[in-house]
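> Mind docking chain F on chain E? Use the hints.
2 protein chains.
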Amino acid sequence: MADQKSTNITWHHGKISKEDREKLTGQKGVTIWLTGLSGSGKSTIAVELEHALMDNKHQAYILDGDNVRHGLNKNLGFSPEDRTENIRRIGEVSKLFTEANLIAITAFISPYKNDRDDVRALLGEGEFIEVYVKCSLEECEKRDTKGLYKKARAGEIPEFTGISAPYEEPDKAEIVINTDELSVEESTRAILGYLEEKGYITL
Amino acid sequence: MADQKSTNITWHHGKISKEDREKLTGQKGVTIWLTGLSGSGKSTIAVELEHALMDNKHQAYILDGDNVRHGLNKNLGFSPEDRTENIRRIGEVSKLFTEANLIAITAFISPYKNDRDDVRALLGEGEFIEVYVKCSLEECEKRDTKGLYKKARAGEIPEFTGISAPYEEPDKAEIVINTDELSVEESTRAILGYLEEKGYITL
Numbered sequence: 219m220a221d222q223k224s225t226n227i228t229w230h231h232g233k234i235s236k237e238d239r240e241k242l243t244g245q246k247g248v249t250i251w252l253t254g255l256s257g258s259g260k261s262t263i264a265v266e267l268e269h270a271l272m273d274n275k276h277q278a279y280i281l282d283g284d285n286v287r288h289g290l291n292k293n294l295g296f297s298p299e300d301r302t303e304n305i306r307r308i309g310e311v312s313k314l315f316t317e318a319n320l321i322a323i324t325a326f327i328s329p330y331k332n333d334r335d336d337v338r339a340l341l342g343e344g345e346f347i348e349v350y351v352k353c354s355l356e357e358c359e360k361r362d363t364k365g366l367y368k369k370a371r372a373g374e375i376p377e378f379t380g381i382s383a384p385y386e387e388p389d390k391a392e393i394v395i396n397t398d399e400l401s402v403e404e405s406t407r408a409i410l411g412y413l414e415e416k417g418y419i420t421l
Numbered sequence: 219m220a221d222q223k224s225t226n227i228t229w230h231h232g233k234i235s236k237e238d239r240e241k242l243t244g245q246k247g248v249t250i251w252l253t254g255l256s257g258s259g260k261s262t263i264a265v266e267l268e269h270a271l272m273d274n275k276h277q278a279y280i281l282d283g284d285n286v287r288h289g290l291n292k293n294l295g296f297s298p299e300d301r302t303e304n305i306r307r308i309g310e311v312s313k314l315f316t317e318a319n320l321i322a323i324t325a326f327i328s329p330y331k332n333d334r335d336d337v338r339a340l341l342g343e344g345e346f347i348e349v350y351v352k353c354s355l356e357e358c359e360k361r362d363t364k365g366l367y368k369k370a371r372a373g374e375i376p377e378f379t380g381i382s383a384p385y386e387e388p389d390k391a392e393i394v395i396n397t398d399e400l401s402v403e404e405s406t407r408a409i410l411g412y413l414e415e416k417g418y419i420t421l
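For the record, the sequence lines run as chains E and F. To convert a position in the first sequence, counted from 1, into our numbering, add 218. To convert a position in the second sequence, counted from 1, into our numbering, add 218.
Incorrect hints may appear among the rest.
When chains are identical, the list treats them as one kind, so a pair holds in a single copy or across two.
[Unchecked claim] Below, in silico cross-link-like pairs of lysine-lysine (DSS-like), each with a Cα-Cα straight-line distance of 27 Å or less:
#1 K275 to K233
#2 K390 to K233
#3 K331 to K390
#4 K241 to K275
#5 K364 to K292
#6 K292 to K236
#7 K360 to K275
#8 K369 to K352
Worth flagging that the hints you see were computed from the coordinates, not collected in a lab.
Here chain E stands alone, though its shape is the one from the complex (with noise of 0.2 Å):
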């Protein structure tokens, strides 16, 4: 057994509080949701987004396809079915993170509406942002940053949103940012300013 060397230790039973977690780390625990199009920009404004918040002092982590497809969900592919459990997955860790007073930031297309409607009900009043990373699927393509759309077209890729498969597009986001017209930085400016003004962190 460790030696002791602790001093600053009360004996107390019981969970923690969000009040408690808000006090130590003078943020507010949050989902930052974004959605859409493949292309559209949300990993390019997430990691924008979480360094902004880390230049502030505020704690964020993203989950995307790069820690959450190969790990917690690399036993689901691309059917309807896998892609709600997908989703519902990822609202489950997004609510633990958000319980754990962190600002969680989200990027996935999540093209179905009801998957998006679920993980905000199962999140708190105002503990869910969603955020519609809109552009049009013609500027997507024309970007088609990792290739995916010209394999989609020729039909490489069955089921890929926006050619084989729907996007539903939400219709209560709390923010719409249009990246046809706004670059990353303006767009990151637009979250991070709601986030201040709704009291969720200080800038």
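Frame of chain E; chain F shown alone:
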């Protein structure tokens, strides 16, 4: 679009580094994996540990049956296969929390050695601390805090760990806590002492 009020923003791309997160939070992310029989004291120690960490300005979050079994893993049962998937998902979520630089405390029986070793392998060197909350079956059954042993003995709960399903003891746990003998406070101090000694936290 919300007004722009922020000034302290520099634009730079790329992911946040582990070092940046450690600097901001004054701690190292890690998963503290409590394993042991039902009634051994895992949850009680988890709650006490989380409080002691928060009192010392450290950020921890408990993953337990309450928030995982009824959320992320609500579509899993108690067959050996489902138990393995249960632990796999918890391991993946712990990894995300650890990457986010939190101290993740898990409180699950996690009876299979292989499952626990898989989680260990998932996490980086020094990011997984296995804590064997060791308590004799006799003592656990005597406590029977939730009345589960009585039901298991009556055959009302199939595959109950320690009675009708195996518990495989850890053979390389970083910390072993004998709760037949140690109080909750003593148990918590042992873990805190280890975390401080190894540089995860400052008390």
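> Check K364 against K292 for me: Cα-Cα at most 27 Å, and say if that holds within a copy, between copies, both or neither.
within (20 Å within a copy, 35 Å between copies)
> Is the C-alpha distance from K241 to K275 at most 27 Å within one copy, between copies, in both cases, or in neither?
Classified as both; 14 Å inside a copy, 10 Å across copies.
> Treating 27 Å as the Cα threshold, decide for K331 and K390: within, between, both or neither.
within (10 Å within a copy, 47 Å between copies)
> As a check of your reading, is K390 near K233 (CA-CA no more than 27 Å) within one copy, between copies, both or neither?
Result: close neither inside a copy nor across copies, 34 Å intra and 30 Å inter.
> State whether the alpha carbon distance between K275 and K233 is at most 27 Å within one copy, between copies, both, or neither.
both (25 Å within a copy, 16 Å between copies)
> As a check of your reading, is K360 near K275 (CA-CA no more than 27 Å) within one copy, between copies, both or neither?
neither (37 Å within a copy, 49 Å between copies)
> Using 27 Å as the alpha carbon limit, work out where K369 and K352 are close: within a copy, between copies, both or neither.
within (22 Å within a copy, 55 Å between copies)
> When no copy is named, should K292 and K236 be tagged within, between, both, or neither for a Cα gap of at most 27 Å?
between (32 Å within a copy, 24 Å between copies)
Of the numbered hints stated above, those contradicted by the structure are hints 2, 7, listed in ascending order.
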